[in-house]
Amino acid sequence: MSFINYSSREINCKIVYYGPGLCGKTTNLQYIYNKTNPEAKGKMISLATETERTLFFDFLPLSLGEIRGFKTRFHLYTVPGQVFYDASRKLILKGVDGVVYVGDSQMERMEANIESLDNLRQNLQEQGYDLDKLPYVVQYNKRDLPNAIQMSELEEALNPTKVPSFEAVAPKGIGVFDTLKAVAKLVLTELRKGG
Amino acid sequence: MTQQLVMYEEELQQINSICEILHRDSNAKAVLVIDKNGQPIAQAGDTQQLDVTSLSSLTAGNVAATGGIAQLLAEREFAGQFHEGEKTNIHIKIVGERVILVVLFDERSSQGLVRLRVKKAATELTSVLEMMIKKSASGSGQPSVFSEITDDDIDNLFND
Chain X
1 MSFINYSSRE INCKIVYYGP GLCGKTTNLQ YIYNKTNPEA KGKMISLATE
51 TERTLFFDFL PLSLGEIRGF KTRFHLYTVP GQVFYDASRK LILKGVDGVV
101 YVGDSQMERM EANIESLDNL RQNLQEQGYD LDKLPYVVQY NKRDLPNAIQ
151 MSELEEALNP TKVPSFEAVA PKGIGVFDTL KAVAKLVLTE LRKGG
Chain H
1 MTQQLVMYEE ELQQINSICE ILHRDSNAKA VLVIDKNGQP IAQAGDTQQL
51 DVTSLSSLTA GNVAATGGIA QLLAEREFAG QFHEGEKTNI HIKIVGERVI
101 LVVLFDERSS QGLVRLRVKK AATELTSVLE MMIKKSASGS GQPSVFSEIT
151 DDDIDNLFND
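From first to last, the protein sequence lines are chains X and H.
The working numbering numbers the first residue of the first sequence as 1 and each following residue consecutively.
The working numbering numbers the first residue of the second sequence as 1 and each following residue consecutively.
You may find that some hints are simply not true.
[Claimed, not checked] Dumping the calculated BS3-like pairs for lysine-lysine here, alpha-carbon to alpha-carbon at most 27 Å:
1. X:Lys71 <-> X:Lys162
2. X:Lys71 <-> H:Lys134
3. H:Lys87 <-> X:Lys94
4. H:Lys134 <-> X:Lys193
5. X:Lys133 <-> H:Lys87
6. H:Lys134 <-> X:Lys43
7. H:Lys134 <-> X:Lys133
8. H:Lys87 <-> X:Lys71
9. X:Lys35 <-> X:Lys133
10. H:Lys87 <-> X:Lys193
11. X:Lys94 <-> H:Lys134
12. X:Lys94 <-> X:Lys172
Hint data in this document are derived by calculation from the structure and do not stem from the laboratory.
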């Protein structure tokens, strides 16, 4: 849940990047971290294994500027994508304000994509959230790979509710900020509604 | 799903004052109050050298993981944690099921003293939190500025 501090005039929101293992959630955050001015970001924290697989979460605090005199701060988190870290994923979804689902465009990852999306919906439900009511965007990553499947197929399988979606090549930054901006806008719009 | 937390000047002053008294009475290096979702709320003591944002996020992650373990063991929660370092020790306590009270201390204090002072501070903090939650629920604090946010305001954030 967003945390509004009238005293220090700050809005704090939590955005979670979700998706199957190795789809590029951490890469999204790393690119954002590398391309953001030092004064607008805090330290990026990655709780990863020795082989650089996310163990618990990555965390990146970002300031996006002011709205009506309120500083907007976004805390970006990733979940560990590997199937057996499900207990950790549930914990990270607590208090979420917006979700980015990162799908892997490769044909051979479609099953993992669908499993992860089902898992997202299920884990949100357990926390009392409904994915269809949350600020939510989809990113199709790895669009540059030769085995990437058609966008229309991805949309049909992974975005049945037709939320905003973006093509991405995360290591090169393609689509990374577009995705972030879209979800941040949805979160702020939700706040306006009094969400 | 927990309710959105809204902090107003009055409550923040009370929380700050609880932190400062705890910092003084427990001889601590620093005291932090953190939302369970990892947002820093208040702090007292020597926090200049601390990365409070990262500390808050990691502490909340730690508390969440410990809560997960508690559930697996059919415990409601493990309300307290203690980490012993060579120079700095950390005492962590969940207050009112909603916020986390963190006390950093060194050899000038002791675990016993910190526990004792935290107990008192936690009781006071609980009553402030209850008031905050009531206020947030009734929306009686002050009118939300967010209802007046326009699409342009939001778009302007991203004009870089």
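Can the restraint linking Lys71 of chain X and Lys162 of chain X be considered satisfied, given a maximum Cα separation of 27 Å? violated, 31 Å
Is the hinted pair Lys134 of chain H and Lys193 of chain X satisfied, with a Cα-Cα distance of at most 27 Å? holds, 20 Å
Check the hint pairing Lys87 of chain H with Lys193 of chain X against an upper bound of 27 Å on the C-alpha distance. violated, 48 Å
Does the alpha-carbon distance linking Lys35 of chain X and Lys133 of chain X stay inside the 27 Å limit? violated, 31 Å
Are the Cα atoms of Lys133 of chain X and Lys87 of chain H separated by 27 Å or less? violated, 47 Å
Assess, step by step, whether the Cα of Lys94 of chain X is no farther than 27 Å from the Cα of Lys134 of chain H, and give holds or violated. holds, 21 Å
Please work out if Lys134 of chain H and Lys43 of chain X have their alpha carbons no farther apart than 27 Å. Distance of about 34 Å is beyond 27 Å: violated.
Pairwise hint evaluation, Lys133 of chain X against Lys134 of chain H, where the allowed Cα distance is 27 Å at most: Holds. Lys134 of chain H to Lys133 of chain X sits at ~25 Å (cutoff 27 Å).
Are the Cα positions of Lys87 of chain H and Lys94 of chain X separated by 27 Å at most? Status violated; Cα separation ~33 Å.
With the threshold set at 27 Å, check whether the alpha-carbon distance from Lys94 of chain X to Lys172 of chain X stays at or below it. Violated, at roughly 30 Å.
Holds or violated: Lys71 of chain X with Lys134 of chain H, Cα cutoff 27 Å? holds, 25 Å
Lys87 of chain H and Lys71 of chain X: Cα distance at most 27 Å? violated, 35 Å
Of the numbered hints stated above, those contradicted by the structure are hints 1, 3, 5, 6, 8, 9, 10 and 12, listed in ascending order.
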